[in-house]
Each structure stands twice: as C-alpha cells, then as structure tokens.
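From just these sequences and the hints, can you work out the full model?
Now for the letters of each chain:
2 protein chains.
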Amino acid sequence: MASLQSWLEIDPKSQFSLHNLPFGIISTAEDPQLHPAIAIGDYALDLHVFTRHNGFAALSIFQPYQAVFLSQSTLNHFAALGRPMHKVVRGYLQSVLLKDGPFPGVFQENESLRSAALIPLQRCQMHLPMRINDYTDFYAGLHHAYNVGVLFRGPDNALQPNYTHLPVGYHGRASSIVVSGTPIRRPNGQIFTDPTTKTPALAPCRKLDMELELGCFVCKPSALGQPIAISDAQEHLFGFVLLNDWSARDIQAWEYVPLGPFNSKNFGTTISPWVVLMDALEPFATTGIDNKVKPLPYLDEKGKETHFDINLTTTLTTASGKSTTICRTNAKNLLFSFPQMLAHHTVGGCPFNVGDLLGSGTISGKEKSAKGCLLEQSENGKVSIRLEDGEERTFLQDGDTVMINGVSGSEGSFVGFGNCSGRIEAALDLEYD
Amino acid sequence: MASLQSWLEIDPKSQFSLHNLPFGIISTAEDPQLHPAIAIGDYALDLHVFTRHNGFAALSIFQPYQAVFLSQSTLNHFAALGRPMHKVVRGYLQSVLLKDGPFPGVFQENESLRSAALIPLQRCQMHLPMRINDYTDFYAGLHHAYNVGVLFRGPDNALQPNYTHLPVGYHGRASSIVVSGTPIRRPNGQIFTDPTTKTPALAPCRKLDMELELGCFVCKPSALGQPIAISDAQEHLFGFVLLNDWSARDIQAWEYVPLGPFNSKNFGTTISPWVVLMDALEPFATTGIDNKVKPLPYLDEKGKETHFDINLTTTLTTASGKSTTICRTNAKNLLFSFPQMLAHHTVGGCPFNVGDLLGSGTISGKEKSAKGCLLEQSENGKVSIRLEDGEERTFLQDGDTVMINGVSGSEGSFVGFGNCSGRIEAALDLEYD
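Sequence order for the protein chains is X and D.
Residues in the first sequence are numbered from 1 upward in steps of one, following the UniProt record's numbering.
Residues in the second sequence are numbered from 1 upward in steps of one, following the UniProt record's numbering.
Where hints are given, some of them may not hold.
Just so you know, same-sequence chains aren't split out, so a pair can sit in one copy or run between any two.
Derived DSS-like pairs (lysine-lysine); straight-line CA-CA distance at most 27 Å [unchecked claim]:
| no. | residue 1 | residue 2 |
| --- | --- | --- |
| 1 | LYS322 | LYS220 |
| 2 | LYS294 | LYS198 |
| 3 | LYS292 | LYS198 |
| 4 | LYS302 | LYS198 |
| 5 | LYS99 | LYS87 |
| 6 | LYS304 | LYS366 |
| 7 | LYS220 | LYS332 |
| 8 | LYS294 | LYS304 |
| 9 | LYS99 | LYS322 |
| 10 | LYS294 | LYS332 |
The hints are simulated quantities; they were obtained by calculation from the structure and are not laboratory data.
Right, dumping it as structure tokens:
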C-alpha cells in the first residue's frame with residue numbers, strides 16, 4: 001500500500017500516520033475544557049477548535065451534526081452518527097491533511113487555524129474517550145484459556161465444554177475503567193496469607209497481574225429483546241483501543257466460585273486514549289483462530305475476515321527505569337471476533353447503548369514469548385521472568401509500569417494505538433479496629 | 001407507633017402512608033416530560049410542579065438545590081445531595097401533608113397547587129427512578145444459596161467455602177434494568193434441546209425463572225482506590241426497591257463456567273418504580289441471619305441492625321387472569337447487609353457513582369412456602385407448583401405475570417414498595433440461514 005503523504009511533517013515511524021486518524025478526548029493546561037480531537041503525527045488536531053473555525057465548511061453533509069465536536073466532552077455523540085458518517089468525517093479530515101489535497105484553503109493554507117488547532121501531543125492531557133455505560137469482558141483468547149486451563153485442570157480438561165461453542169464472557173465494572181497513565185493501586189482483598197489455615201485474611205494482593213486485551217466500543221444502540229444479527233454486527237462497532245484488564249489472582253481464586261471474577265477485576269481496567277476506527281483497521285482484516293467446532297448459525301460469519309492483524313507488545317518497566325518487552329503477540333489470536341461477541345451478547349435480548357465497551361479477553365500466542373499475562377508466563381508463580389535490569393518477576397511489584405502497545409502496517413503508514421500504560425502503587429494500609 | 005394523619009384522605013391500607021413518601025419519576029399523558037415525584041396514598045405529588053409553584057418556599061436550606069426537581073428526569077441529582085438533605089426534604093414534605101401541620105398555607109390551603117401537583121397514581125406512567133451506571137447483584141440469601149447448592153451438589157457441599165466469609169456477587173448488566181410493567185421477552189440462547197447429545201442448539205429458554213430480591217441505590221460516590229469503611233457505608237445508601245432478577249436456568253447451566261452468569265441474566269431485570277428511602281425503613285431495622293463465621297474487621301458491623309423487616313410476597317398470575325401467591329418471605333433473610341456488600345465491593349478500590357444499584361440476591365426463607373425462585377420451588381423442574389386456577393408450573397410460561405410486593409409496618413402507617421411486575425412474552429422466532 002502506497003503511503004499517504006501529508007503537508008504536515010510526520011515521522012515515518014509515527015503510529016499516527018495519515019492512514020490512522022484515531023479519535024480521542026484532550027485537554028491542555030491553557031484550555032482545561034475537554035475537546036474531541038484526532039491524532040496526526042506528533043500532534044492532536046483539536047476538533048472543537050477546527051469546527052469553531054469553520055473547518056468543516058466544505059463538508060456540508062456534516063454541518064447539521066457539528067455540535068458533536070463543539071459541546072461534547074466524549075465521543076459518544078459522534079459515534080452515534082454511525083459508521084457511514086465516521087467514514088465521511090475521517091475521509092474529509094484525511095483530505096484536508098493530505099499533501100496537494102482538494103481543499104488546501106481549509107487547513108493547509110489557513111495559518112491561524114493551523115496554529116490554533118494543532119497541539120503537540122506532549123501538551124495534551126488525555127481523557128476517557130467515551131462515556132461507558134456497560135462493559136463486558138470476553139475470554140476469546142484460545143491460547144490464554146488453554147494455558148490457564150492447563151495450570152488449574154491439566155491438559156486433558158484445559159478448555160471447558162462450552163468454550164468453543166460460544167464466546168464466554170462476564171459483565172465487567174464500567175466505573176473502574178481508566179485512561180492510560182492513571183496509577184493503579186494494588187488492591188486489598190480476602191486472600192490466604194497463611195496457606196496452612198483455611199481462613200482468609202484481608203491483605204494486599206500478592207499475585208497482581210495484567211492482561212493484554214483489545215477493546216471495542218459500540219456505536220449503535222440496540223433495544224431490549226432485539227438481537228443483533230451477525231451480518232449487522234460490524235455496523236455497531238465504532239473502533240478499538242488497547243485494554244489492560246488488571247487482575248488480582250489470589251483474590252480471584254477465592255472469590256470466583258460460583259459467580260465469576262469480582263473484586264479481583266474491579267479495582268482498575270486501563271484503556272488507551274485514542275479510538276482507532278473500524279475504517280482505519282479494515283486494510284488489516286484477517287481471520288482469527290480456526291474453530292474446529294462449526295458455529296451455530298447465529299454466530300456463523302461464513303469465512304468473513306473480522307479479525308485484525310495487529311502486532312501487540314507488553315513492556316514492563318521497573319522502578320529502576322529499565323524496560324523489558326515481556327510479550328509479543330498478535331490480535332488475530334482470538335477464537336471469536338467482536339461481531340460474534342456482539343451477536344452472542346444480544347441473542348437473548350440484552351440491550352446496548354452507544355459507548356458500551358467489549359474486551360476481547362487476554363490475547364496470547366502459541367509461543368512462550370507470546371503469553372499475554374503473568375499468570376501464564378510465571379505458571380502461577382512457579383517460574384521467574386527475567387528482566388533486562390537483572391530483576392525477576394512472577395507477578396507485579398509496586399513501582400512497576402506495564403505498557404501495552406499495538407501497531408498495524410508498515411513504516412510511513414503505521415496504524416497504531418499509542419500507549420496503554422499504568423504504574424502500580426502500594427496498597428492502602430487498611431486499619432479497622 | 002402512632003400513625004401520622006394527613007389532611008389528604010389516605011386509605012389506611014395504602015402502602016404509601018405518610019410514613020413512607022417514596023421517590024420516583026413520573027409522566028402523564030398531559031405532560032410527557034419526566035418529573036420527580038413522591039407517592040402519597042392514591043396520588044403522586046409532582047415535585048416539579050410543587051417546586052415551580054414555590055412549594056419549598058418555607059425550606060430555605062433547600063432552595064439553592066431546587067433544580068434537582070426542576071430540570072432532572074432522574075433522582076440522581078437529588079440523591080447526590082446526601083442523606084442529611086434527603087431527611088430534611090422528606091421531613092418537610094411530611095410536614096406539608098400533615099393534618100394540622102406547621103405550614104398549612106404551603107399546600108393544604110393552596111387549592112391551585114393541590115390541584116396542579118397531586119396526580120392520581122393511575123394516571124401516572126412510571127419510569128426508571130435513577131440513571132444506573134453500574135449494577136451488581138449479590139447472593140446474600142443464605143437459604144437460597146443453600147437450597148440451590150443442595151440441588152446441584154448435595155447437602156454436604158451445598159455452600160461454597162467462601163460463602164460465609166464474603167458477600168459473593170457478580171457485576172450485572174445495567175442496560176437491561178427496566179421499570180415494573182415492562183414486558184420481558186423469553187430469551188433465546190444456547191441450551192441442550194436434545195439431552196442425548198452434547199451439542200447445544202439456539203432455542204427459547206425452557207427454564208425461565210424469577211428471583212425475589214431487594215435492590216439498593218447508592219447516593220454517595222467513592223473514588224478509584226478508596227474503600228468505603230463499614231462504619232460509613234450507610235451514608236452511601238439512598239433507598240430501596242424490589243427487584244426481580246429474571247433468570248434463564250438452562251442457558252445459565254451451560255454458559256456460567258468459569259466466569260459466571262451472563263446471557264442467562266442480561267435479558268431483563270425488573271425494579272419497582274418507587275425508591276423507599278433509608279429514613280422510611282429505619283423504624284423496621286433488624287438483624288439478618290446470624291453468621292456463625294466471625295466477619296473480618298472490614299465487614300464487622302458490631303451487632304448494628306442494618307437489615308429490614310419487610311414482608312415480601314411473589315404472586316404469579318397466569319393468562320387466565322387468576323393469581324396465586326407462590327412465596328411469602330422476609331427481607332431479613334440475608335447473611336450480609338447492604339453496608340457489608342458495599343464495604344466488600346470497595347475494599348479493593350472499586351469506585352462507585354451516584355445511581356449505582358446493588359441487588360441482594362434471592363431472598364428465601366427456611367420454609368417451603370418461602371422459596372424465592374422457581375428453581376428452588378420446583379427442585380429444578382422435578383416438582384410441580386400447583387396454582388389456584390388448577391394450572392401447574394415448574395418454570396414460567398408465556399403470558400405469566402410475576403409480581404413482587406413488599407411492605408413493612410401496620411395498617412395506617414404502611415411503608416410499602418408498590419408493584420414490581422413483569423409479564424412474559426413469547427421468544428422471538430430467530431431465523432438465520
């Protein structure tokens with residue numbers, strides 16, 4: 001694919017090439033109001049400012065909807081305009097940034113708008129891109145589910161009988177979703193501090209873990225009692241973020257029977273701030289893991305390529321400041337796609353709102369270097385992971401920073417997500433008399 | 001307790017006595033805008049109209065906050081004012097409704113305000129009282145958990161090891177919460193229609209159930225990483241509703257391993273429309289089920305009475321129109337209280353927003369007539385329940401209406417919840433080629 005060139009200078013190594021144009025919510029020290037923006041190279045293009053300066057004057061179809069960038073502090077209203085409009089707006093923004101594009105007067109030659117609307121990314125404070133009403137986390141990473149199953153039940157019963165028939169998932173906690181950069185406090189919870197007794201104590205988590213996931217925002221609502229057909233599901237998907245589903249394995253082991261993970265997950269879930277739209281990822285569409293079980297018709301995509309070839313990495317930085325890449329995997333390592341997740345989620349009539357978030361589940365590859373969480377990498381604490389500064393880890397220590405990155409494409413036309421990062425803070429010292 | 005008398009004629013059998021004054025959201029055919037209101041006898045007192053006509057003129061402390069009743073279509077902003085203000089506002093409304101009260105000019109003698117603001121309940125359309133961000137359903141009904149455990153694991157292992165140590169719960173689906181009266185469509189889902197094969201099919205649920213629960217709304221937010229101490233938890237509780245956690249038992253049995261219930265619960269959860277405030281229930285405070293396990297300090301209420309003596313019933317009305325009371329129990333049949341649920345939910349740092357909802361879990365008594373769901377009553381379909389019209393049930397049939405009611409106190413001063421009701425509609429006929 002020949003790469004699109006902009007009149008704006010963009011480092012060919014930038015994840016925010018002209019092929020990407022992800023949407024997010026920014027503020028700056030000078031203007032603390034939250035504004036919608038797109039990322040381009042080392043800049044955010046402030047869409048509030050761009051709109052106020054008649055940047056969309058040449059896009060008459062969008063003018064009745066301009067308020068989505070003027071009066072909104074989330075992307076929900078823009079998302080709700082639907083995928084055809086996302087394509088039009090993103091295409092228009094591409095065209096005004098394009099070298100020798102059709103509308104040089106709108107932006108390229110408009111010095112005052114350029115200086116007002118282009119803000120260096122390092123000056124931007126990022127915020128949650130969407131108001132998230134409901135959050136569901138799936139478990140569609142087959143290799144992850146298998147690896148974890150082997151640890152707890154051995155290789156013969158590693159996968160539960162339902163696993164290949166439906167995308168297993170659970171309702172997550174929307175209130176604990178935070179944007180990249182937010183510190184994550186080690187949770188206290190009921191764990192067995194003395195393994196010889198069967199009595200739990202309240203103590204800081206000793207098995208603090210991360211999970212490398214892809215997240216997907218919904219842009220089209222559906223009503224109570226109304227399933228979304230698999231053939232319609234893609235039209236409901238706004239775009240993607242990276243997601244770190246922080247997990248407290250010792251709390252989880254004690255609490256999860258019979259209703260699933262709870263406090264082991266709801267102390268924080270980090271997402272990357274820029275939403276990479278469906279349209280930007282379409283060139284990287286591919287198939288996922290081949291399912292030996294023929295899906296029921298309501299989940300049958302008939303071979304359609306609904307996964308994405310996104311290279312994913314996890315980097316662990318210790319308090320020393322040294323970083324180690326501890327995982328390299330790919331987003332196509334999923335047994336079920338987001339359209340399948342949505343079709344399954346709604347088949348019984350569960351309603352969706354714009355801004356609802358789906359998580360993929362931990363994405364592990366088959367290789368040892370591609371395990372998406374520390375539970376797998378350390379075999380539940382039995383094997384140490386060696387880091388480049390000479391330190392070792394089984395689970396996370398206070399002061400560790402975990403960063404997930406994801407990028408598709410090649411130099412000059414990268415489509416990347418930016419950082420999904422969080423640093424672990426020490427647990428609160430809880431004192432109750 | 002001597003009952004408070006109003007100048008307004010109130011049937012002594014009314015659940016909405018002057019001792020209650022629950023808050024809700026109404027609209028009428030004449031005014032389709034959503035207005036906050038309280039229920040009193042056979043009327044709703046429209047608080048939007050009452051405020052606009054200077055009904056709060058004699059309550060200067062509240063005047064800066066009057067917009068919570070003027071410009072809001074949910075009770076979230078009123079709830080966020082905090083329990084001391086709820087007490088003041090509710091107390092003031094009681095006083096203007098009181099016979100020979102201190103402010104007869106405000107309402108009793110204000111003919112035009114009375115005719116504008118008092119609306120017969122049968123003319124009111126009820127709406128969800130709160131904007132619900134997150135919903136968590138607990139499992140604190142010990143007798144229910146034991147009965148279900150016996151069905152699936154026998155009496156020796158009926159309760160899981162964690163059950164008495166912490167309030168087990170799971171994150172529910174906020175989007176599928178509906179107000180009483182909303183029809184519930186029987187969900188389709190993966191079930192075993194042919195028990196001889198191990199292959200699921202997509203089919204209408206055959207084991208559609210209800211669960212009698214109490215719901216509790218949160219009125220005070222808490223930040224990420226900040227636990228709510230058990231001693232502070234009651235200040236975070238706004239008020240209570242009845243809750244029917246509709247459940248698809250056959251879908252649940254297949255899907256719930258290892259991450260808990262999902263589509264078996266997210267097709268609909270019904271709540272009663274009137275929020276009975278903490279203050280109205282305080283006279284009925286009592287203890288719950290005695291826990292033989294000493295709670296960890298963060299859950300220790302030190303004998304405080306944090307449960308409520310509320311008589312609960314479930315009525316099943318078939319398509320014939322005949323009704324049978326199929327369950328009589330009491331809200332005190334819980335092992336953990338709502339303050340304990342909230343303290344546990346936040347101990348690891350999970351944040352709360354105003355309007356978040358907690359469900360108690362199914363409330364069953366010890367007696368056979370006090371089983372709070374059909375799974376228990378029918379022993380998972382093995383025993384038929386006889387209804388008064390001669391019909392029999394194991395699980396719900398299309399056209400059945402389930403109504404939960406709850407009331408505390410005695411004639412002349414009842415504190416009741418009104419109806420929590422839903423009728424089962426036939427499943428969608430899903431056709432996928």
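Next item on the list: Run the structure past the numbered hints and jot down the numbers of the failing ones, going up.
Entry: Those not satisfied are hints 1 and 9.
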